Amino acid sequence: MRPPLWRRRQDEELDEELQSHLRLAIADRIERGESPEAAASSARREFGNELLVKDTVRDMWGWTPIEQLWHDLGHARRALWKAPAFTLAATLTLGLGIGVNAAMFSIVRAVVLRPLPFPNPDRLVQIDEVDQRGGGDRRGAVSWPNFRDWQQRAASFESLAAHHVSNFTITGIGPAQHVPGAVVSASFFETLGVNPAIGRGFAPGEERAGSDVAVVSDAFWRDQLGARADAVGADLTIDGRPFVVVGVMPAGFVFPIASPAPLVWVTSAQDARVESAGDTPITEERGAHYIQVVGRLRENVSVTEAQAEMTSIAAVLARDYPNDNLNRSAAVLPQLEVVVGEARRPLLFLLAAVACVLLIACVNLANLMTARGIARQPELALRVALGGSRLRMIRLLMAEAAALAVLAATVGLALAWSSKRLLVQLAPADVRGLDQVTIDGPVLAYTTAAAAICALVVGVIPAFRATRGDLRSNLGTSRTAAGTRSQSRWLSGLIVVETAAGVVLLVAATLVIGGLDRLSHTNPGFDVSQVTTLRVSLPDSRYPFREQIAFYDRLLPDLARLPGVSGAALVGPLPLSGSRFGISFDLPGDRAVETAKRPSAGFAFVSPGYFRAMRIPLIQGREFSASDNDGGPRVVVVNESFARRFFPNADPIGQRIKPGLSTTEPETPWREIVGVAADVKQVSLREEPAPMYFVPYAQGMITTPHLVIRSAGAAETVPESARRVIAAADPELAVYDVRTLEARLADTFATQRFATWLLTLFAGLGLLLTAIGVYGVLAYSVSQRVHEFGVRAALGASPGQIASAAMTTAARMVVAGLIAGIVIATALGQVMQGALEFVDRPGLETFVTVAAILLVVAGVSTLAPIRRAVRTDPMQTLRSN
Amino acid sequence: MAATRKNRIELLQGTLDMLILEQLRWTPSHGYGIGQAIRAHSGDLLRVDAGSLYPALHRLERQGLVKAQWEISDRKQRTRVYRLTPGGRKHLAGERSRWEQLQAAIGGVLNRARTDEA
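Residue numbers (the working numbering), protein chains in the order written: chain A, 118 to 998; chain B, 1420 to 1537.
The following block holds chain A by itself, in its conformation from the complex:
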């Protein structure tokens, strides 16, 4: 190896200095009258041996520790270069291990560890209302009046803000478009600590109905407002009403963190509007829980302290407003925890899984290094004989491990870099931060640390082992002192460790594959194939309630008449779209109970033909018809769970319930049950069946519905033709959220699919590395025992006996590893289930599968070494020694 750069520079300077000495000496001599030739030769003679001078000076410089290390690395490089197969195997093994760790860590960092992009993000908390009816705490949304009371009373917070995502139709800039946005309290931007880049945020007075002001995102400003400097003050038509843009947020500002990200923010004035004077706006409805609250803790106030204060405030509000707030409390959670949410535990679990892969890789490498250390004992013996100390030998071997770790870290980073995109694509789309996965400083540091630990693990112990005992006794022998009891115990121990780690990974993979399989074969209760779903935004300004009903009354038959369409209906909320409504109701008879203890069940409004279009079986009674309209009798369809829970001993048809729901009538009406439908999954495939009831949309449309369009043939053309029909009805309407039911279904288990993919990949890697390890150790042990096998064969042992002799070692190691792995996996079962809720506890079946896979793979990896053992030629062996 060439000397390090700084050393080379020093050498050059020394050379120049000596040359200048010579030149000066020659010039002096010429001045004194010597001829140039004579001057040159005598000056050189006087100077002496130039190389010797340089050497003396260099010796004087001495070696710094860094140069020492450089020297050792140079030695390691030469040693590794001389063993290319070993180097390649070691680098790839370790590189793979480090690579998956770097990639996984970069994801964990972006999603879980990176703080929220706001000033003092650790002081931001989310405050939920907690529904304590019926035992247990259910965290949920907040109502505006409760939020305002919190704002006034809570001293733990510098500021509280409310927000809920909404969708706006923007007209006047090109065709009508649907834009994701949020309705927020005036304190919103101040609470988050981010000011608009241009203009201002909202003023407190702008929460009053009629103050139509908006703040837009940087993206919206660039794409829709042409990045104009005078955008502040510009008019913007939102949902058919004129708004004034008062501010533009800086690029990168996203809150609430939702997918798609909000582009427009308006104040709660949006919610405070009423259709006719005298109506109560929803911002005054204490029972309307639909907003989220974010708070900024005062300095030095902990989450626990804030929680204590909120609990007591909620208790006061429950006493003051028992009708709405009885049995409702409040919960404070760090905002980051809420945002990271579900993704946290699976990701941390996956990080642990890749650590397992790295452990296996390290063990493999330790194997390789040990075998190599033994094979090199004659060389080391020679070095010791020539005066090398043991410490020096260990240092050389360690340097080899360090050089390997550096190579492997490079390979690993390259691997992480190239697999990053793939990993991000596999990941569920709505996980925050995935767009910001990078290989940056902390990831590099993590990788370096991983590589350094690997180098220590795989370097130290083999180095100590290789230099143990009296090396000089090995001098002059070509056969090594390998195959000793301690040596083979050590190697078998390594195999047991890596087999156990491999088994744990395999168990995890088997469980997630089983869990995912069960999930994807779960019947949601309706037929998802060939159903397109979409929403249309009807601006309230032009479509009051009755107009909306009339619009859909006309639209649904038009959609159903489209060629290739077999049915069209509407529903709100759509199953598997992420939301669930719950509305409490009264049961008939003398069961009159206080408001807070009224039973509650899931709720949806649907159009006639909904159950048919979704292919949800009707168990009893009938579906809604066109005559179940605003003028008709009030009716309801319940699901099986509802019927079973609330009418266990009676025919539900003809029974009456009174949901706390009214649209056009002055008082909430009693409704007659006209049908019983089969249970369906509303939010997740893993949920248990729950009571639910349906009302005709003409009697209960309380939010923007989803249209569901079932096609007889391919669903690809449906969105286009549906858009045409809707545009023909009203060209100003925006169509949005267009997705097939199949895609929505797949989204509900995207996280589980991601975890399954990765765990399977990691388990595959782990298994492959384990197989390589078993192969390596067995091949080595066979090569050490060739002599023994030769003798046995000469004494008449059959090939079968020799094979079983060779095999026994391997079989013992693998079985021991298998048992250890199963014990560990059983112990970890609970952790696994906690992190990945969709998996079962590992059982006998899992272990049988894992054992079968492992034994087959291990068996295959022993084939080649055993073949070699059996084919040993006794004559040749006996002659060679």
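Keep in mind that the hints are not guaranteed to be accurate.
To be verified - Under the rule of at most 27 angstroms between Cα atoms (straight-line distance), these lysine-lysine pairs were calculated in the BS3-like manner:
# : chain 1 : residue 1 : chain 2 : residue 2
1 : A       : K171      : B       : K1486
2 : A       : K798      : A       : K775
3 : B       : K1509     : B       : K1495
4 : B       : K1509     : A       : K537
Treat the hints as calculated values from the structure; they're not laboratory data. Computed from a predicted model, the values in this text were never measured in an experiment.
Starting from the known structure of chain A, fit chain B onto it as the hints suggest.
Quick look at chain B alone, frame taken from chain A:
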């Protein structure tokens, strides 16, 4: 040449360092200049060969007693010029007083021997 070589005096360990520092006390100089100056001031008796001079210079530089800098000499040559550092100046003073003590001590011993002979 052969005659002068015979007359050369082997320098005591450490003495060379002192001589170099002494030369630099008067003026900064390059290696060749230092060697020439020692030779001239010793009446051609002390000749410092390059194999002793340069290791000594580099050692003094490491010890921080002299400082080196590339400069263009009066002969338009790029040379490495050494100068005394404050630390070097102090060190030289110490060495000089030790040298003088040693000289006095050796002188005393030798003079007594001469007196005894007489």
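These are the hints, each one checked on the structure:
1. A:K171 - B:K1486: holds (20 angstroms)
2. A:K798 - A:K775: Distance ~24 angstroms between K798 (chain A) and K775 (chain A) Cα, so the pair holds.
3. B:K1509 - B:K1495: violated (33 angstroms)
4. B:K1509 - A:K537: Roughly 63 angstroms separates the two Cα atoms, so the pair is violated.
Violation of the numbered hints given earlier is confined to hints 3, 4; the remaining hints are satisfied by the structure.
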